[in-house]
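All chains, please: the whole structure from these sequences, using the hints.
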Amino acid sequence: MSWHRKHLLDIESLSAGEIVTVLDTARAFKAVGERAIKKVPALRGKTVVNLFIEPSTRTRISFELAAQRLTADIVNFSADASSFKKGETLKDTARNLEALNADFIIIRHSASGAPHFLSRVVNAHIINAGDGAHEHPTQALLDTFTIREKKGRIEGLNVTILGDILYSRVARSNIWALTKLGANVTLCGPSTLVPKTFEQMGCRVTHNMEEAIEHADIINLLRIQHERQRQTMFPSIGEYTTLFGLTKARLARTKPDALIMHPGPINRGVEIDSDIADSGRSLILEQVTNGLAVRMAVLFLVNGGPGPQGVAVG
Amino acid sequence: MSWHRKHLLDIESLSAGEIVTVLDTARAFKAVGERAIKKVPALRGKTVVNLFIEPSTRTRISFELAAQRLTADIVNFSADASSFKKGETLKDTARNLEALNADFIIIRHSASGAPHFLSRVVNAHIINAGDGAHEHPTQALLDTFTIREKKGRIEGLNVTILGDILYSRVARSNIWALTKLGANVTLCGPSTLVPKTFEQMGCRVTHNMEEAIEHADIINLLRIQHERQRQTMFPSIGEYTTLFGLTKARLARTKPDALIMHPGPINRGVEIDSDIADSGRSLILEQVTNGLAVRMAVLFLVNGGPGPQGVAVG
Amino acid sequence: MSWHRKHLLDIESLSAGEIVTVLDTARAFKAVGERAIKKVPALRGKTVVNLFIEPSTRTRISFELAAQRLTADIVNFSADASSFKKGETLKDTARNLEALNADFIIIRHSASGAPHFLSRVVNAHIINAGDGAHEHPTQALLDTFTIREKKGRIEGLNVTILGDILYSRVARSNIWALTKLGANVTLCGPSTLVPKTFEQMGCRVTHNMEEAIEHADIINLLRIQHERQRQTMFPSIGEYTTLFGLTKARLARTKPDALIMHPGPINRGVEIDSDIADSGRSLILEQVTNGLAVRMAVLFLVNGGPGPQGVAVG
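Protein chains in written order, with the numbering used here: chain A, 702 to 1015; chain B, 702 to 1015; chain C, 702 to 1015.
Some hints here could point you the wrong way.
For chains that are exact copies, the list does not tell them apart, and a pair is met inside one copy or across any two.
Derived DSS-like pairs: lysine-lysine, alpha-carbon spacing no greater than 25 angstroms straight-line [said to hold, decoys possible]:
hint : residue 1 : residue 2
1    : 740       : 707
2    : 792       : 949
3    : 881       : 949
4    : 881       : 852
If you're looking for bench data, these hints aren't it; they were derived computationally from the structure.
This is the structure:
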């Protein structure tokens, strides 16, 4: 096992060995979720704070359940909380949480770098649950876990990420994780959302959907944030679907064992055909299940793993 | 004990024997709430999700405490949650919760039939906490429990339900439960809110308050939703109170052992005189206490009861 | 140990001996927060309700963690809850919570006296988490705990409270606690916010900042509620800072061992210079840590202390 980090701030700074350690640990925790009694005492008496300055029910609940299954205590501190209304700074909020003996702060924030900033001003373990357009490391770890579980490996696989790459922390974290583990990553979407500069991250960039998915083993569809970008980055949802939506016709021209992923929540009929989302080719719900296991693994590892008392996972 | 259902979706489909099983089980759980240590380990390591798409603090807290006292883990997912803002469907939300290994989904929703729909698309146990104007089964079970506890039986009792019957899921579920157990049910209120068609459910319908309560053993007053219906269904709150409010003068003409119920929250001075609500004739707070016991019983029974490990209630 | 109260409603009615009992008990609980496993089973199977009718994330989380560390079950009932929207009275809400077998109700309310009112209508233990401009007893207890811990005593110390005294429940509770324990309390701020009538509480009142802090052992800065009072009580934030802000120049003229307190959240650069807030002279974060210990102590004591089973704190 190779893990000596106190925080999980991003994927960029992790080694391939560290990523594999998370995936291996998550495999053990996935089994816990399948038991009748889905709890282990690994974090008993520890305090976890969900500091969500940007709303996210799904990710918040996933972390909340991960903490509960590790027998930690957890409190939620969400965006429209009174302290922020009163103008308190993020630093002051975090130091207050630390003063409450918080052992872990799970932070989602609209500002890139907020988790890194926190890790410098408090002693608690910091876990990045999404910071601006920068990174969403647990999403990339759960995506990588899911691919490895289904395909048996990451190295040499062709993974295509489709959609709004420019503003996507999911894309950035996935690119780091997948390239570190040896996958061939292709990015595709409208040229305004998928600039050629991403080639510097070791990816192939194309604006042609058919070409992007032709040889893919994995097609990871990002959510179109149509409530925000419609006016600015592409002419219409309809045009997006026409050019980049995963339809049955397009799926028919992919490799027969190509699998479909999506970080959710999906826009049925926009970036993905509704039937494909529900088909055996879709890994969307497995990603959710694996997310919980990965988050348990991350909490467990940053806490120091089994520790001197040797609390076993299994 | 006769209970083999995986879900609690409504009262309509339950047999009298199943209803009695819930009431008997709730009696054992009521004793747990009176202990110094109000917990039993029946659902340890199980995950309960409160999926409240329509706000309800009281019912949500009642289910939350019921789950805690059974030692389950519980997370709240409420109405203005981010996923719904982003346009995710109910089906997708529920399947995501299932992918998080949720064992129970307690759903309140403004759409009639939402719990039944969920029971067809996910494997978790579904408990209906109120669906539109359709049913609110745990409310009817706690009302029936309270009547049986006070009167010793249901069969042959005269139960009058007063108020907005047309739009009331509480009324519908109560009518099913009470008639299945042999009570004589009378409905009363303005003719716009208590149409004659309810006679098809086996009830007597009257629009005369005095006649409705004259021979009643139980008078169950529904809440007037005056924030919504004032303009449309009856001329004014004042007129409603004049015609259908339970005043001391009216109470004096009922049977001396007639008891008063209300699902809460009450409008003091509208559907009920404030002193009556606080009197020894009122069962309003006992209903709340019994609601918790009934919800523990429901969670326990849909989970399969004591199960192979034989976790005892007492 | 001298504690026989069922509730904590205010500081005004406590004796010096009772205050000291809370402080001594909190000292034992502070040690719990420093352990690897921060839990004691003192309130296992007890139900705590956070009834926050006025929003406060920080105080709510502090009580939530205090309850969790005592192994109680806790549910949150917050301000924009549906029942209040529907017009239910506070009394009815509290009696409903009691009917759910709530053992403790922690109440924050904009109306002075709300906790006292509750203590007369329900049987649960009531803890005042701030009522209007009246009292905020746990804040005063944590402030007093912090002073005693740092200075070794309260008696004979010069404590200066600065800012909006007139509308501050923190000031009122602190004045009661400090004068009961023998401190010399000085109040300072704009004359509109610090009327001479406070001398009747046994304090010195001055409107001259330099004079107020010159001999102080402790300077407790209250938060300026600039979002509310700007227009009415003083001409501008800038002028407040000029006259009453704690700047480095002013701090240089205080006793070298004078320590700085603030109930938080702070307005950096308004009532306190940012560097001072982060300096070794500031006790702001220690106050937060001590708040949790004090709240554990209060829950423990109103519950009857160690009780017949003799659950040990340590």
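Quick rundown of the hints versus the structure:
For the identical chains of this complex, residue 740 and residue 707 are neighbours both inside a copy (23 angstroms) and across copies (23 angstroms), given an alpha-carbon limit of 25 angstroms. In this homomeric assembly, residue 792 and residue 949 come within 25 angstroms of each other (Cα to Cα) only across copies, at 21 angstroms, whereas the closest approach inside a single copy is 49 angstroms. Neither within a single protomer nor between protomers do residue 881 and residue 949 lie at most 25 angstroms apart by alpha-carbon distance, with minima of 32 angstroms and 51 angstroms respectively. Within a single copy, residue 881 and residue 852 get their C-alpha atoms as close as 17 angstroms, which meets the 25 angstroms cut-off; across copies the closest is 55 angstroms, which misses it.
Against the hints set out earlier in the document, a violation occurs for number 3 only.
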